[in-house]
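Here the protein sequences come in this chain order: L and P.
Residues in the first sequence are numbered consecutively from 28, following the numbering used here.
Residues in the second sequence are numbered consecutively from 28, following the numbering used here.
Keep in mind that the hints are not guaranteed to be accurate.
Copies of the same chain are indistinguishable here, so a pair counts whether it falls within one copy or spans any two.
As the list claims (entries may be wrong) - The calculated DSS-like cross-link candidates involving lysine-lysine, where the alpha carbons are at most 30 Å apart (straight line), are: (1) K447 x K38; (2) K447 x K375; (3) K451 x K250; (4) K232 x K455; (5) K38 x K375; (6) K455 x K375; (7) K451 x K375; (8) K250 x K149; (9) K232 x K38; (10) K455 x K149; (11) K451 x K232; (12) K447 x K232; (13) K250 x K38; (14) K232 x K250; (15) K455 x K38.
No wet-lab data here; the hints were simulated from the structure.
Number of protein chains: 2
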Amino acid sequence: MAKPKKTARPKATAPRGFIDTPAAEMRATAAMIARIQQVYESYGFEPLDTPAFEYTEALGKFLPDVDRPNEGVFSIQDEDEQWMSLRYDLTAPLARYVAQNFERLPRPFRRYAYGPIWRNEKPGPGRYRQFIQFDADTVGTDAMTADAEICMLFSDTMEALGIARGQYVIRLNNRKLLDGVLEGAGLAGEAHAGTRLGVLRAIDKCDRLGIEGVRALLGEGRKDESGDFTRGAGLDLDAVTPLIAYIEAGREGRSATLDALRPLVEASEIGREGLEELARIDALLSAAGYEADQVAIEPTVVRGLEYYTGPVMEAELTFEAHDDEGRSVRFGSVGGGGRYDGLVARFKGTQMPAVGCSVGVSRLQAALRHLGLLEETAAAGPVVVLVMDHADVVRYQRLTQTLRRAGVRAEMYLGTAGMKAQMKYADKRQAPCVVIQGGDEIAAGTVQIKDLVEGARLSETISDAKAWREGRPAQVSVPEAEMVEAVRRVLARDDAEAASDAGDGSAAAHALTQDQG
Amino acid sequence: MAKPKKTARPKATAPRGFIDTPAAEMRATAAMIARIQQVYESYGFEPLDTPAFEYTEALGKFLPDVDRPNEGVFSIQDEDEQWMSLRYDLTAPLARYVAQNFERLPRPFRRYAYGPIWRNEKPGPGRYRQFIQFDADTVGTDAMTADAEICMLFSDTMEALGIARGQYVIRLNNRKLLDGVLEGAGLAGEAHAGTRLGVLRAIDKCDRLGIEGVRALLGEGRKDESGDFTRGAGLDLDAVTPLIAYIEAGREGRSATLDALRPLVEASEIGREGLEELARIDALLSAAGYEADQVAIEPTVVRGLEYYTGPVMEAELTFEAHDDEGRSVRFGSVGGGGRYDGLVARFKGTQMPAVGCSVGVSRLQAALRHLGLLEETAAAGPVVVLVMDHADVVRYQRLTQTLRRAGVRAEMYLGTAGMKAQMKYADKRQAPCVVIQGGDEIAAGTVQIKDLVEGARLSETISDAKAWREGRPAQVSVPEAEMVEAVRRVLARDDAEAASDAGDGSAAAHALTQDQG
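Next comes chain L alone, as it looks inside the complex (with noise of 0.2 Å):
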């Protein structure tokens, strides 16, 4: 082939902490996705789409990462010299879109949405700027049923995911109870502002770091194993004594909890206001069914986003997994969400209570492939027509829209090399079979039909040679003008076996690639 004069040729790779997504991890997005919206549809949310971009002032400054808060998102200035960002999560455009269309929602509004949002992080292992997030939302309501069904959705989609209780916890708590809390250790008001958010820092590491980690940030500080000093919050004795209380109140049962939390909170009237919240959620998921083992309340859950104002939760994968090299794996979090009343309130001015919960796809499904427990669906790879003729090429191309406008997913060989490689395109395509024409079968008005699968297997118990080629096995011939079905006979084979083998898991994948498409 002629080469193109050389210059400077730019990378063929994808920009830092972004990734491509081939055919058999699309399809498996795509079954995640259509299991998720089939449980949120069933809640009555309706789907809406808002574009990628958002005024940056519309979007706000509510990224977990407090450190910087001017970072973390891609921002672009506009020709009339507006800033834009890229959405970072799909809350806030949710808020602005709410705010927009005021007048003519139902109110509640019930939303669901998915697509990616993006983060202008520094990228690592497993670490990507561009994620996959499907959230629902309910807007306009500040009764704690909504929150109750946000707990009931979250968990009811973990194992709609194939997750089984007892894998996954909905971690349930209150903003309002952390505000209690705070107030009881001496922490209220605008001067302690900065202090609050370190100690809610603290207690969100409370997973990682154990309580005497938790402790050492409360007070003077902590210095890690490689001997880096994190500054603590600065607390005495007295005010980090009530809070460690509190990190420590979760018990076995959800009211067992509320109970341990009661004393050490009932003295603030928000504290009280969040442990009656919750207690109210409790009595609601209780009645619906929904045991402690699927939404727990845990007092040291805080999620980052500043917005949130009542309760918060969070979805855990609890199970504990081995990598490659037989390491330890937890992967914790796959999603979260919370009461956000004030988000709205930005552009109206009236508050505009909302909850809404938000489900990390590209984190679960990583999560779920790492622990083999993904359906890495096997595509139904096309149907091959040979081409034994070059010169004859037409010939090839009816037979293959015959098969497609049958609606056998069909692809005749476009390369120009022989019939050995031409069966090596077909493996390497997946195909359940190959249509074979050559002269014979043209003279004959015949086609051959080589069933791959059966001749993989049956590969495995003919071990002469000669036997093989005179049997011709899993090949038949058939009258050209039966081809379709002989195909057809051979998919339906294929897909029984397919079922049978692997289960519920196969047969959905090959539901979902005749569903769309």
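For chain L, the structure is supplied; the task is to place chain P on it using the hints.
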């Protein structure tokens, strides 16, 4: 509700040129995507997703608007100083992907991709800065069978979307013919590159300006109705004459057009090559049964993107329609494609022939909607469980969960309003029926199911208010244990009616809702 303190509030609006997609439209888009996907999959193409960003140098500068080679894309400088841009089509990222994964891809590699692309252009009515494209490409073969297949795929896609034969046409041409005729007009070689570009742009405007307009643009220039003057390519009559003959070479059939083109380009080698390629595609199309009303050869098709090297095609909607004010509306191009043998070579240094097409989903959807051809699928709204006693919400939550677990889309009313407002909410949500359980029903262990669809129908025939109230039409009382079954009976009747009212379209919409959730 409490008013937060007054500060400058952000505007509740999406950035200019960006739009939201509410539920009905999203469902319509999903239905379109599913149909296109079904066609693409039947041809053996496999899905691929690439990220929104590419390195700017990897994308190259192939945007149609040659006046602004550095504009038209959204670009951002990363922290490591490298420039990244949002993809402006799905072809450039494919070229990067193929170059990056060259060794391990089947060859030819057939992939489809859909998703948003971004163009940093001046927004206007119906002109957005983010829209959806759906592409299919075959990389790694220069066989015209691949190009012929793209034409067939394009045609099949239009018809799968409900656009009848005669309402659309795939217009096929070859860049090599244009090169040949330019050579014939004495415009070969580097020295004439600028002039050639001007000529191509003039030819591209033939549809809009007519032959005399193009003649003016090939010569001195053209004054439009507003008096604005556009400078022409400055050709003399000897050069203009063969170009005009070329432009007018379109005939009724593909062979007739090729015959008319032959004397105009056969003096040039590249022209002969182009003719031969089109003749080959024509033979394949004819053998597969695609006629000239489906795929026509049209000498004036240029396609803007500079990377095309051979056959180019354009999907055009040909029927006239009328807008709300009775004005005639034509939608023109809803997709395009062609062969681009040099795009992968930008990275690899060796040629990697490729051909593909792109359907403008957003554009096509807008056209179909405008013409009333789009199924605006009425969502199957959720069953709404009314809250007759707000203190007893747990009871209604349980009824709702029972419905959801049985696979019925259901919602409990989450607001605080009374019966009348709840019925209004149910109407707004397009609920097929509501479930009512007041004190009497609780005592009797029953629920009332009120069929809103049937009720609306009956309300047109029953005018006696008293008879209406007493008869309780379209309302049944069943034991609570039979609620699911009774609701299912209502849904089944609604589905059957919708299918018989609206024919295939609505039934397909229901199927979509059910399959995808």
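Checked hints:
1. K447 x K38: For K447 and K38, the Cα distance exceeds 30 Å both inside one copy (34 Å) and across copies (64 Å).
2. K447 x K375: between (69 Å within a copy, 27 Å between copies)
3. K451 x K250: neither (59 Å within a copy, 61 Å between copies)
4. K232 x K455: Neither, since 47 Å and 45 Å both go past 30 Å.
5. K38 x K375: between (47 Å within a copy, 9 Å between copies)
6. K455 x K375: between (57 Å within a copy, 23 Å between copies)
7. K451 x K375: Result: close only across copies, 25 Å inter versus 63 Å intra.
8. K250 x K149: Answer is within; shortest intra-copy Cα gap is 24 Å, inter-copy 55 Å.
9. K232 x K38: Neither way: K232 and K38 sit 40 Å apart in one copy and 36 Å across, limit 30 Å.
10. K455 x K149: neither (37 Å within a copy, 45 Å between copies)
11. K451 x K232: Answer is neither: 53 Å inside a copy and 47 Å across each miss the 30 Å cutoff.
12. K447 x K232: Neither. Shortest intra-copy (59 Å) and inter-copy (49 Å) distances fail the 30 Å Cα cut-off.
13. K250 x K38: Classified as neither: same-chain Cα gap 42 Å, cross-chain 46 Å, threshold 30 Å.
14. K232 x K250: within (14 Å within a copy, 71 Å between copies)
15. K455 x K38: within (27 Å within a copy, 53 Å between copies)
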